[in-house]
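Novice: Below are the chains, spelled out letter by letter.
There are 2 protein chains.
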Amino acid sequence: MQEKKQIGKIYVIGIGPGEEKQMTKGAESALEESDVIVGYTVYVDLLKDRFGDKKMLTTPMKREVERCRLAFEEAQKGFTVSMVCSGDSGVYGMAGLMYEVGRDYPAVELKIIPGITAASAGAAVLGAPLMHDFAVISLSDLLTPWEKIERRIEAAAMADFVICIYNPSSRKRADYLMKACDIALKYKSPETVCGYVKNIGRDGECSEITTLAELRNKKVDMFTTVYIGNEQTMEISRKMVTPRGYRNV
Amino acid sequence: MQEKKQIGKIYVIGIGPGEEKQMTKGAESALEESDVIVGYTVYVDLLKDRFGDKKMLTTPMKREVERCRLAFEEAQKGFTVSMVCSGDSGVYGMAGLMYEVGRDYPAVELKIIPGITAASAGAAVLGAPLMHDFAVISLSDLLTPWEKIERRIEAAAMADFVICIYNPSSRKRADYLMKACDIALKYKSPETVCGYVKNIGRDGECSEITTLAELRNKKVDMFTTVYIGNEQTMEISRKMVTPRGYRNV
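Protein chains in written order, with my numbering: chain A, 96 to 344; chain B, 96 to 344.
So here's chain A without its partners, still in its complex pose (with noise of 0.2 angstroms):
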């Protein structure tokens, strides 16, 4: 029997929401390990001042199966590879598409680094909004029929789950927030603790605490994170906290 032989070698870092210090150590010496970086152009760029000696490689956004590709053909010649995303690469992020892409590519190792993701980020920035069971939902349709986003903000607001979204707006769906929070007001109440943020950890950091009749008439971009609290979400000195259970302190 003839062993499989292992060519080459890519990392699928996370790199936290932007500043440097959320980035873990295992995501620093992976990239520092590499000779080729390869990402979207926006987060390559964060880190050129510090892997400036490194091939850096790009594509915009929608070209991500090239993206992987790049980062395979790479590897294929023996490089070790650092493939970045923002956050965490296991949420939303090109984990999942890398290892679709490489079963084109068997000789070639991957190995997952995870990363602070924006709902972990953003909740330090409210407060504690995650105490407690949640749910991670993406307003993106992109991929995703809308009818079954519809269902997922529906079954979570039933059962109570604080709801944390990711891209909850863009310039084809601005009213997408809107909509969901009008499914989450069929369970929770107006006055449900609710919170966003923009701009994780990068220029412009931003943050507001609000209910959630107010949320729906909120603008916000696609580079804000939106948390609505479940029954027990409270404010306490302008921080979102849900308790961790149903008990008193």
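No lab work stands behind these hints: they were computed from the structure.
Every residue, glycine too, gets a C-beta built ideally from N, C-alpha and C.
Covered, in the sense of this in silico footprint (three residues per stretch, anywhere, with C-beta under 8 angstroms from a C-beta of chain B), are these stretches of chain A: (1) 112 to 123; (2) 208 to 216; (3) 240 to 247; (4) 253 to 266.
Examples of chain B residues lying across from chain A (beta carbon under 8 angstroms, computed): (5) Met118; (6) Gly121; (7) Gly185; (8) Glu195; (9) Arg198; (10) Ile208; (11) Thr212; (12) Asp228; (13) Ala230; (14) Arg246; (15) Arg247; (16) Arg339.
One side of the interface only, derived from the structure: several residues of chain B facing chain A at Cβ under 8 angstroms: (17) Lys120; (18) Ala216; (19) Gly222; (20) Met253; (21) Thr337.
Given the coordinates of chain A, work out where chain B should sit on it, guided by the hints.
Specialist: Structure of chain B alone, referenced to chain A:
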């Protein structure tokens, strides 16, 4: 008007799942800056080698309120304090309770430093199970009525979320994972791809990919994180992979 005087400062830090390399640089600098480190005995022990010069204060499990008060008392003396949690301090961690207890210590500043939560770290071990909408549910009924937990599993399964389960078992709740799987099986195929990881980032880390029907009969412990796939989750080269959407690569 008299200005509120800030006395001390507490970092509420997620140190990640165990391995030093999964700690963020921000968590490390906060620990370095601190005079006192407070936490659950097991996690503080992990830090003794590197931060042995700090004052260390610990309380055992189920003494969380007391642990919070210890931290605030030290901060009131003017010290900079780190309250450490495994994983992310904001996900089933101490962040929420710290804000609750902090109502009695209004002059102490709290800053939450997020970490890699088990959902992210375990996902990276298994492959890429969390590439699409997911629900995080703890099976611990210590502070949550079991009926509420059941309702959340049911809603998440019905709406085809990937489900990530924390605290799937303990001595007193040996059959809770079985119960959770039985609820999921009402909506998800017995062939649904599932996985679990024990001791993420620690000695004895191990993982397995299985089906929902088989997961039902697995014996897992409280240091295990469990993943139930959505209807598109698949196994690729012995990894658990959820595609990012509903279009083919």
